[in-house]
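> Let's have the full structure, built from the sequences with the hints guiding it.
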Amino acid sequence: MASNSVDQPLEFERSIKAIADSSNLEAVPSKFNIANDYTALPSDSIPLLDFSSLISADPHQRTKAVQDLAEASRVWGFFILVNHGIPESLMKDAIAAVRDFFNLPESEKKQYESKSVLDSIQCGNLTLANTSNQSFTFWREYLRLRVHPDFHCPHHPQHLREIVMDYSKKIRELYMKIMEAAVEYLELDKHYVDQLLKMDSMAQMVVGNCYPACPQPDKAIGLPPHTDPVEGLQIEHDGKWFNVQSPPNSILVNVDDHFEILTNGRFKSLKHRAVVNKERERISLVVLNTPAWDAIVGPAAPLVDKDGSALYHSMEYKQYLETSIAQSRLGGKSFFEQQLIIQDI
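To convert, note that position 131 of the sequence shown is 131 in the numbering used here; the numbers rise steadily by one, no gaps.
Keep in mind the hints are simulated off the structure, nothing from the lab. All C-beta atoms, glycine included, are put in the ideal place defined by N, C-alpha and C. Any given hint could turn out to be false.
[Said to hold, decoys possible] Computed cross-link-like contacts, DSS-like style, restricted to lysine-lysine with a CA-CA straight-line distance of at most 30 Å:
1) Lys169 with Lys190
2) Lys64 with Lys177
3) Lys268 with Lys190
4) Lys177 with Lys115
5) Lys177 with Lys306
6) Lys110 with Lys198
7) Lys110 with Lys92
8) Lys190 with Lys170
[As the list claims (entries may be wrong)] Here are the simulated distance ranges between beta carbons:
9) Ser309 with Asp119: 19 to 25 Å
10) Asp58 with Lys240: 32 to 38 Å
11) Met176 with Asn103: 29 to 35 Å
Listed below in structure tokens is the structure:
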């Protein structure tokens, strides 16, 4: 896949949050300056899925929920999940704990500065350089944790570890139920898919994002259009951008690139972007559920047999992850990741 940019860690001498918290900040520093257009439509059309129907003992109710999930994944690549069973108190605690991490002193966070895309704990800012040797930095500070199959978390704040462990486990269980429904719709054998993606050792990553209040939101961006990794989130659909405004205690689920490939294009992974605002800091929490890093991701053989040909090449997930993060492109597809997103609202 061709690429015209490189995603690099930014030196952590002074984080974006520290810059944004400066009392005299009136304009975006030049390294963050990028022209953008945040024009987007209301999000009333984004599908809403009731998880309780998906696990219902009523076969008619469950069948309809599975069909609704498939339709949302096929047309939008996103849906809003409600009645998912994760306590609202835990979701709020997770957001608060991540915020507490970002409020730590710069010296405390610096020890987790990203040196490799495969580091178990990564913290920092991102700058994007293109082939014209032009670069700019995203108005975003991140904390990225690998939490499965092995669990990694900073020592401080002390309550972060327990909360992230509890939340990520519940999200993992939720993800497996969603996968089960999707596989059922596709008429694939669950054991086959589990073996193909090596789900027993599936990888899971928790990403906390801090988007500080920005004095000139029209000249900065939190994240460019991507299919990677809510108020502040916009989705592209049929060439138009839509604002996402999720109901309280809901989770936004997006179809990942690897699942688009597994389905041989039946489900779609669509572009989305994070925007910033002038009024207040925003925290989001993204949980990325992926195949095991040594799994070979490619179209499922039974679907290729039905279609007559494979629309995508197969590749080891770890190889793709290394390549796509190192060469993620502005406005292009980048990550094989299933995301379940909550935000501070």
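> Each of the hints needs a verdict: does it hold here or not?
Outcome of the hint check:
no.: 1; hint: Lys169 with Lys190; result: holds, 21 Å
no.: 2; hint: Lys64 with Lys177; result: holds, 15 Å
no.: 3; hint: Lys268 with Lys190; result: holds, 20 Å
no.: 4; hint: Lys177 with Lys115; result: violated, 35 Å
no.: 5; hint: Lys177 with Lys306; result: holds, 25 Å
no.: 6; hint: Lys110 with Lys198; result: violated, 34 Å
no.: 7; hint: Lys110 with Lys92; result: holds, 26 Å
no.: 8; hint: Lys190 with Lys170; result: holds, 20 Å
no.: 9; hint: Ser309 with Asp119: 19 to 25 Å; result: violated, 38 Å
no.: 10; hint: Asp58 with Lys240: 32 to 38 Å; result: holds, 36 Å
no.: 11; hint: Met176 with Asn103: 29 to 35 Å; result: holds, 33 Å
When each numbered hint is compared with the structure, violations occur for hints 4, 6, 9.
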